[in-house]
Structure formats: structure tokens, C-alpha cells
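Given next are the chains, with one letter for each unit.
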Amino acid sequence: MSAADEADAQALLAGSCPAPAEGDRVTLAHGAGAGASARLFDELLAPRLGGGPLDERHDSALLDAPEAGARLAFTTDSFVVSPLEFPGGDIGSLAVHGTLNDLAMSGARPRALSCGLILEEGLPLTTLARIAESMGAAARTAGVPIATGDTKVVERGKGDGIFVNTSGVGVVSPGRELHPKLVVPGDVLILTGSLGCHGAAVLCAREGLSFDADIMSDSEPLPDLVENLLEAVPEVHCLRDPTRGGLGALVHEIAAAAGVELRLEEAALPVDAPVASLCEILGLDPLFLACEGRFAAFVPEAHAGTALAALRSHPLGRAARCVGRVEPSTRGRTRVVVETRIGATRLLPLPAGEPLPRIC
Amino acid sequence: MRYVDEYRDADRVRRLADAVLAEATRPVTLMEVCGGQTHTILASGIQQLLTERVELLHGPGCPICVTPLETLDLALALTELPDVTVCSFGDMLRVPGSHGDLSAARARGGDVRVVYAPLDAARLAACEPDRRVVFLAVGFETTVPAVAAAARWARDRGLCNFFLLVSHVRVPPALELIASDPERRIQAFLAAGHVCTVMGTAEYQPIAATHDMPIVVTGFEPVDILQGVLMAVRQIERGEAQVSIQYRRAVRDEGNPAARALIDEVFEATDRPWRGIGIIQQGGLGLRQEYASLDAQQLIPTDALPQPEEPERCRASEVLQGRMRPPECPEFGRGCRPEQPLGAPMVSSEGACAAYFAYRIGDVEDEIASQDPAREAQA
Ligand code: SF4
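Chains as they are written, first to last, in the numbering used here: chain U, 120 to 479; chain B, 1323 to 1701.
Since the hints were derived computationally from the structure, they do not count as laboratory data.
C-beta atoms are modelled at their ideal positions from N, C-alpha and C, and glycine is treated no differently.
Heads up, some of the hints might be wrong.
[Stated by the list, open to error] Calculated Cβ distances over 12 angstroms to all of chain B for the following chain U residues:
(1) Asp196
(2) Glu204
(3) Thr464
[Claimed, not checked] A short, non-exhaustive set of chain B residues, derived as facing chain U with CB atoms under 7 angstroms:
(4) Ser1366
(5) Gly1367
(6) Ala1583
One chain only, chain B, in its complex shape (with noise of 0.2 angstroms):
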């Protein structure tokens, strides 16, 4: 496939891996911000080519993982009066709210529907004026211009019964939050370079700047993330924190100023709980006044659900700010894998736990088996 085979090409692979390995005259910690980027680190095994040398955390860049437990609950109560129709991309159906998830709601009679676009929803309550349709709008900036576009149509058409559950959030915040913490383990950031393909990359300077924390962008493939490892090594050898980009192919400085404009349009900063994280100042985006009655919080009183709650085994928190690598907390593995996750990292399949428990967990079973005799020998 062109433009994506000469990113998968193993001999440019190992060359990078060599040279980062050459650089790199210390071990050095980075974060790879997107939940693409850790499929990619894990299912293709650039960790092993890196050894340990260049460790690689996980950042809080899962949408799904992130998604309040309060927005599924809502989503789910939707599904459940009468006329609404809830739409959402596939991999949302399988997320647990804290009474099951969009699928079974489905198979409970609720009508759910997936699609593929925002747009589709917005046209989908076009065709079905007698029911109020709820599309679940998740996802950081890059998903944002889509959902927006869909508002914009949806109310240049005087449409009523379109609504919006929004649960959008932003990225910058969330850095900064990380790179703030005392103890931070990492020395730069990898981006996600689809987010910056629309935001570009003005809101990441003055974090680089602030933190001395290099911030490479780079792209998904196993060539893109080598590449921005390499950009990174190099800064932090040469002391260094600039803001530089390694996904040229798509991402400019400015973004996609369009796209951008769409977004602003419609939407503004808020502040927005994140699962396993909390509050993150200005982490999020909600509707502008202007577009207020898409919102479809209106279409049900809050009060009237239950208290979500969040498992306390769970180490998501750390997780997801690369305090701790999935398989260092307690439960992975044991009391939390796929079928019965404890937290939303073990959901989502984009998740940092999901991941390695789909291409590790080998790995920690042999630690898990290896460490038994020697428990039993203590006790």
C-alpha cells in the first residue's frame, strides 16, 4: 500500500532503532501521548528493538479510555426513553457503563446505532423526524471538526431532534498536567499526530518550554514513531525542548485552519472530568451558547442517575499520566483482564492495559508463574 508499506518497511525500522541506540548516551524515558501510537509500539514490539535503553510510557491519549463513567451512564438512560435513538462509533458499544454497555442495551430493545460519521446521525434525524436522535460525541480535537460540521448542519436545516452528548476532550491540558507532576518520570513527549494535524502546534510551546520537555509529533506508523523517538533522543542529548514535528506529511504549524474555525464555531474550552484522572482545567469542549439546544443533557434530569463507580484496585490514574506501566499494577492479569476489566484502560482496545494485556501478557504470565514457587518457598 502506498504511503503506508514504506512505514512498515523493516529495514528502515531496525536502521532507526540502531541509531537511536547510538545516540542515546543515557536511558532516557518518553511518552507517547496517543492510544495509536501504543497499539502500533506494541503490536509491531519497538520496545524490544529500543531494549531498555529508551523506555516507552503510555499516555492518557485513549478517547475511550477517558470518557466518564457519568457520559456512558447518561448514554445508556437515553437509550432507555421512549423515541431516542443513540449513535455512536462502533468501538463505544462495548464500554461499561456502571450498568453494562451500549450493546446490550441494544440487545435490551434500545434502539443504538452505529455510524461511521457524526454527519450520518445528523442525517439520520433528517429521515426520522418522530425520534429524537442523540449522537455520543467522544474523542479528542480530531474527531472534533466532524462532530461540529454535523452541528452546524443539523441547525442550518432547523433541525430539532438532533442532539449532541459531548464529551470532547483536549489534549494540551492534559500534557501539561503530566509534565507538571513532581514526579515525572518522562523526558519528552511523542504527540499525536492526528490531533495536531487539525490544532497544529502552537498549544504545545509553551509546555515545552515551561517543563524543558522536547515535544516531537509523529505519525502511527512503526517508521513515524522511531523517527520522532530518534528527534527526541537527539534533543534531550543536546539539551534541547523544542516543539518539533516528524508527521510532515500531514501535519503544519498552524493545523487546518478551516477545521479549526469549525471547531471554534462551535464549541469552547471547559473544564471536564477525565476517567482515571479527574478535573483537568480547560480538558475538555462543550457546546457554545449558540448551539445549546443540541445539547442532549437536557433530555434528561442528572439527578435522576446513579452514582457512578469506579473500582478502587484500579490504578488507571497512574496509568494513564506514565506514573506506572500496565503491567506493574497489581491486577493486571489477575483480577483485570478483557472480559472482566476493572478499569477503562482494560476496555478499550486502544487502552495502554487492553494492549498489553492482548500483546504481553505472555510475558507477565511468566513473571506471574515465576514469582509463585518463590512465594511458596517463602512461606
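Isolated chain U (complex conformation) (with noise of 0.2 angstroms):
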């Protein structure tokens, strides 16, 4: 690092917990280990994620052991989405509760998050403050530490203004199992709210659409509603988050590792207006469109009731609503069917890549 460089990063930098000018920007300095560095953690990153672990600065943060036979669900995923901010969200609370859901889906309870990030040269740090706040915020929220982390600063050009790794662990209570495999005829599929609204959003700000009505992400933290649900209905087999190819690739899979056959209602599936004009305008489904907010629990139909009722008791579950059913595979096909509003059938096909608009 050049001294100017050095001279530069230590005067954007004072201070104690600086909001940084207009102006100040991420530099290779940032990312070069002792002096800018150290004092882009302490001084910008910690005081907005830190709280627990994480202050503690230790090479490893120390977690308290579950109780026997507990088990421990650990997970990692990687956020790269532009624009960075959109409404409803930005990529810094997407990336823990998209993690925070991960650990859900699996019947954990949260327990820590850690959280990578990796810097372009040139990015503001007024945008870097916004997004730590941001994440930082959604970590106290669900009541859940940022307990370690990392950060390395690329060249300009060698990344999208910042990626953000987050992984976290959980505990399992003993004896709790969720398992796609787990599916079996009889099993309803309950969908705890609409369809679409991340995909939506984040399409409309990426590309500039300016909409009447406000689209907004969808992006909350599940893992309360989660255990809203898995306490009144212990008997739930399989729970899985809508996200990358939303709930029409959510079925595939589970169809597919199940052996079974999915029936979806058309008429049943929650879609927001502003989302379906949208998708009429554009020429997309919004069944595969991301939900980063939502969830799909595969219950017996028995317990259909008591599940509904425990995720309705929650505000994220309140639209909660039954919109298909598991049937065995005929001629061990695994498929999934829709069945039209008109009472007519077909297939759900499964679209190659992502959803692109359509020309007229």
C-alpha cells in the first residue's frame, strides 16, 4: 500500500464509529491485513454486525455444546445479486436470512452466523456501511450472532461491488427428522405466503421497471415461524425454502427424491397483483420466481389443520394456505401436475435457465 494510500484510508477512517463520508470508497489498502484493514473491521464492520462472539476477535468463536443428542446443522451460501439494494432488502439481509432459512429448513435453530466478504476496489463505503448496518440488524433481529467473519478486497472489475459469504450453524432437537425422502402420499403442501415478490423486486430494480404499485422483497428471517410450526406439528416431513427457481422448481426436486407425484392447485397458488401484472407484462411465471420470506412444509393431511392454524398465529405464516397434495407416481414417473383453474390438467415443465421476458 502506497503511503497516500495509507495517509487516505486513516483519515477516512477516524474516529470512533465513523459514518464514512460521501465519496470514500473501498481500496486495495482494505484488504491488505494490518492498518487499513484492521481498522476497516473495527471501526466500519464490527460496531454494525459485531455484538457477541465476534467481539471477542478470536481466531474461532466459541459456541456452547448442544444438549445430548442434539444434533448440529451446519450451512454456507454465497450472495451475489445486483443491485446490491433493492427495495425491501439489500444483499448484507438477504445474506442472513437466507442462511438463517437454510438452518430452518433443516429443523435447526439458529445458533451463529459468520459472514465473508469480499470487496471490490472502488466501492463506496458509505454503501459497505449501509449493508453491514443492514445485516448486522437482521442478525439482532432473529436473535442470532455474526460470531466470526472475514474480509479481502479485489481489484476493480474482479467483482460485483461485493459478494457476501455467510455460513451458519444450528441445533437440532433429538428426535426431529425433515427429509424430502421423508414425502409420501397423503402429505398436503402448504405454502406459508405469496409467490414471487424477491424475484419481482429485484428484477424491477435490476432493470429499471417502474411499477404503480411498490413490489417489495419478501426477505424475512423463517426459523420463528419454523418452530411455530414444528412444535404444534411435530409429524411435518419435509420443509423447504422457495428460493432460486421458486416453488416450481421446489416441487421438482421434492418429486423427484421423493418418488412421488405432486398435484398443484392453479387456483390455490397465493400471487400478489402487482406481482401477477408483472409477470402478464414480462411474460413470466411467478411459480419460479425466488421467495427469500416463504416456506413449503409437506404435512400428513391429519395434522393439515393444526399446521395451518400454528403458521397463521405468526405474522410471516398469517397467508398461509394448502395448495397441493402428494400422490403416489404412476409408472414410476415422478411429475408434477397442475390442475387448472378450468379443471382441465397439465404438466408443470421445468424452464431451462433463468426466466428471461418475453417479446410480445
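Please dock the two separately framed chains into a single complex, following the hints provided.
Okay, here's the thing in C-alpha cells:
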């Protein structure tokens, strides 16, 4: 790092918990280890991300061991999203919610998160501060500390502003078993909320599409809602959140893993009006747009009522409803059938690649 | 959603289907012209309600399907030129030319951008004067006014770096071709509402009269299509052959005169090759002399391009002209699938083969499975 860079870095990171000035940016110096990089952590990141084990600044975070018979769940995910900020969230809160939700889907109560940041030279420090603030806030709201982390800086042009990796550990209570393979004919498919808001919000923000009604991402932490459900109905067979590929991809995966036929009821699929109109105009199917704050639960039919009541008693599950059911496979074929609004049936296709807007 | 839900109402749909079955005294075969209609028919399962009494055949109305391989090859070659940006609607990105598609060209470093309106491409050219911006202008009459507006916008501003790679097609000449087929299976057309919103119905009158074919202009929701089917069946039952409009909420007889004038200013009818069908007389639109400076063909010598080759086994020509339904093609679901399409109708999501594959492949697999033991038994 040049002396000038060092001086710049010192100047802009002077002060106790500074709000960076407009115009200050990530430089390669912030990735160099000592000096600017330590200050970036101490003064910009830690106050926003910290609380809990991160403040210990150990090489590893130390967590209490789970009770006898419980198991640990451990997951990791990397987040690259353009734009970094969108209505209803940003890459920071998304990275926290994404990993918390992955833990929750395996029935785990999240205990701690890690946070790896890959910063591109030139990223405004104000943006970084906003994202870190939002990450920290998301973690605090969920009551799960960001326990450890790492920051690297790459040269301009080699990143997309910021990439975020989050890993998480959680504890699965004794006896809790959730798995796609456990899904059996007779299960119903319950969905906790409307489809496609996250995918649609990001698409609008990315392509600069302005819409009469604002479409907000549904990005939310799900562990609480999951606990509500699993405490009321321990018999749940499988949980899954429809992230990339949306509910459409999810049902195909489950059908294949469980060797069953899934039947979705078109008229029951919840889609908010603004998302539905955006999809109409662009020729997209909301079934295949990502959600970041919804999940699908496969529940034995006898427990469906209890499950719905448990979900609806929580703010994130108010709109929970039954959208499909599981049937035996026909001739060993595991497929997804849609019962259309008009009472006919069709297959649910699995589109290749990202959804692309059509021509007319 | 207002204007949409009422056209998807299950009770209305069933009542209309019952009326069709009650009024059709003998089996009829209709062709829906547009890929959007095909999509609705298969996605909502309308054919199941109509049973075998009314057969719906799918027409040539998928603009992606009929865009010639040469045009795609040219677009791909343009992405390799320095300072050239190729803009297109999203769904063109995955249509393969002879050597890969535009999304692959983008991955190789070509500057390929998705736009939502042709004017966005023209604006891009204005913002980036150092680049040559080419808009891949495909589609039926519906998309042409927006392209014409972009052309005029660019010319009014004296932009020298905006170009159009034009492959626009016109529906009426294709219908004329299908109607005059001596082996024709169909008794009426369900014409595409969007196209008529712009063009009106005048061009359809001589086709209906000469070939004794009812033509009903319909919308794209299940209720629209079934109302259209009912209107067509009534005409057939009465021995009439008129152009009528089901899609009254959007279409007027005279179309949209302002949009038509805009098209006329920039484009003129020309013979054009349709992928899978061949050259259709007056089947396309080309830039008028006054706008020839926008023609992207001048950026690249066309004889430098490889000869495009279509796989022989593909029966796209018969599918697009309604002589064959996709599952009747021997390659359907066997050698030809969306991941590895043999022909254009399997590529575009609005293509008839792709729509069948998406929504009905199960039936075909059942058929293939039930055929195989029989074949074994014969062997
Ligand atoms: S199924 Fe494939 S090979 Fe057959 S006509 Fe359609 S695109 Fe061509």
C-alpha cells in the first residue's frame, strides 16, 4: 500500500464509529491485512455486525455445545445479487436471512452465523456501511449473532461491488427428522405466503422497471415461524424454501427425491396483484420466481388443520394455505401436475435457465 | 386482477365449452395462429374440455420460431465485431443459431444486452456514441410500431450508430399460404388479437372470402379462446365464412391508424424466408429506402457467414402449417427435447413443440411406454 493510500485510509476511518463520508471508497489497502484493513473491521464493520462472539476477535468463535441427543446443522451460502440494494432488502439482510432459513428448513434452531465479505476496490464505504448495518440488524432481529467473519478486497473489475458469504450453525432437537425422502402420498403441501415477490422486486430494481404499485422483496427470517409449526406439528415431513427457481423448481426436486407425483392447485396459488401484472407483462411465471421469506411444508393430511393454525398465528405465516397434495407416482414417473383453474390438468414444465422476459 | 380474472373464470369457461360441444354437430378442426394462444390452450387444458369434437391445431404464430437461422447467425457474427452492442428481447437470447446462441456470445465477451423496448436500444446508442448499437428486430406486426418509432427517433436525432437487424414477419400472407394448401385440415382460423389491434381486419377479408374460411380474431385468455371457438363453430355450422372479432375490448376493424401510419413510414412489405417454412411472398417487412442507412446488414458481409443447416429430421414445416401436431412428429420427446432441440418450434417457449413438451410430455411418454412392449412382442 502506498503512503498516500495509507494516509487516505487513516483519514477516512478516523473517529470512533464513523459514518463514512460520501465519496470514500474501498481501496486495495483495505484488503492488505494490517492498518487500513484492521480499521475497516474495527471501525466500520464490527460496530454494525457485532455483538456476541465477534467482539472477542478470536480466530474462532466458541459456542456452547448442544444438549445430549441433539445434532448440529451447518450450512453455507454465497450471495451475489445485482443491484446490491432493492425494495425490501439488500445483499446484507438477504445473506443473513438466506442462511438462517437454510438452517430452519432442516429443523435447526440457528446459533451463530459467519460472514465473509469480498469487496471490490471502489465500493463506496457508505454503501458498505449500509449493507453491514442491515446485516447486523437482520442478525440481531433474529437473535442470532454473527460470530466470526473475514474480509477480502479484490481489484476493480473483479467483483460486483460486494459478494457476501454467510455460514451458519444451528442445533436440531433430538428426534426431529425432516427430509424430502420422507414426503409420502397423503401429505399436503402448505405454502406460507405469496409467490415471487423477491424475484419480482430484484428484477424491477435491476432493469429499472417502474411499476404503479411497489413490489417489495419478501426477504424475512423464518426460524421463528418454523418453530411455531414444528412445536404444534412434530409430524411434518419436510420443509423447503422456494429460493432460486421458485416453488416450481422446489416441487420438481421434492417429487424426484421422494419418488411421488405432486399435484398443485392453480387457483390456490397465492400471487399478489402487482407481481401477477408484472409477470403478465413480461411473460414470466410467478411459480418460478424466487422467494426469500416463504416456505413450503409437507404435512400429513390429518395434521394440515393444526399446521395451518400454527402458521397463521405468526405474522410471517398469516397467508399460509394449502396449495397442493402428494400422490403416488404413476408408472414410476415422478412428475408435477397442475390442476388448472378451469378444471383440466397439465404438467408443470421445468424451464431451462433464468427466466427471461418474452417478446410479445 | 381486473380484466384478467374475469377471462379466466372457471364457470364461464366450462359453460362456453359446453355450448361449443352442444352446437358442433360434427367434428371440426381449427387453427389458432399465435403462439400466445397455443400457450394458453395447453397451459389451461382447454383441449381437454373440447374433447375430440373440436381439434385445435397450432399455427405459425411464434415469431421466435420463424426467425431464420441466417438472421440469428448474423446477430451472432455482429457480437464478434469490435464496438458492436447487440440488443434484443430476452427470449431471443436462447434461440440457437448455427453456432450457439446470444447468451453464449455474451459469455464469450460479446456485448449483448436485453432491452424491453426498441426505443431503449436507440437511447443506448445516443448515450454511447462510440459503440454501434444493433437492435434485433423480430416479431409480428404487434412489435413493429415500437421498432418504427425507435427508427424515427434515431433518424430525427441524426444518430449514425443505431442499426436494425430486421426480421419482421406479416401474418396474412402466412394464413393465405395455409388456407390454400390442398391438404388443409382446418376449417377456420382463430387469428391473433394483438396483431389485429395494430393492423385491423381488412387484410383478412379476402382470405376468408376466397378460401371459404371463417376467421375469428381472439384474445389470449381461456374465455377469449373458447368464445372464439364458439364463434367459429357457429359460422361453420351455418356455412358462413366471415371475419369476426371476439377480442372487441382491444381490436377495432380499422386497427390503430396511427401505429399503421408509423409502420408504413419506415417499413414496406417484402418477400421473407420463414424458418421451417421457406420464403413467403410479401411475408415480411423490410426498411424503406429512406431508412436504409439503419440496416445492420451493411455492418457485415453476409457471404462471410457459414451456410445455415437445418436438421432434416425436423418436421417444423408441417407443424407450423398445421399439417401435423407436435406429438405426431417421430422425433418429439425422443430425439428432440428442449435441452437438445432439433427445430425452432422446440426452442422458443411459445413454439408449439415446446408448449406440448412442457405441458403434455407425460401423455407422449405414456404412449411411448405403451408402444414399446408391443414392438418387443412383434420382434
Ligand atoms: S418435435 Fe422437434 S423435430 Fe419434431 S417438428 Fe418439433 S422441433 Fe422439429
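Going through the hints against the structure:
1. Asp196: 24 angstroms, holds
2. Glu204: 21 angstroms, holds
3. Thr464: Thr464 of chain U is in fact no farther than 12 angstroms from some Cβ atom of chain B, at 6 angstroms.
4. Ser1366: Hint on Ser1366 of chain B: holds, closest Cβ of chain U at ~5 angstroms, below 7 angstroms.
5. Gly1367: 2 angstroms, holds
6. Ala1583: 20 angstroms, violated
Against the hints set out earlier in the document, violations occur for numbers 3 and 6.
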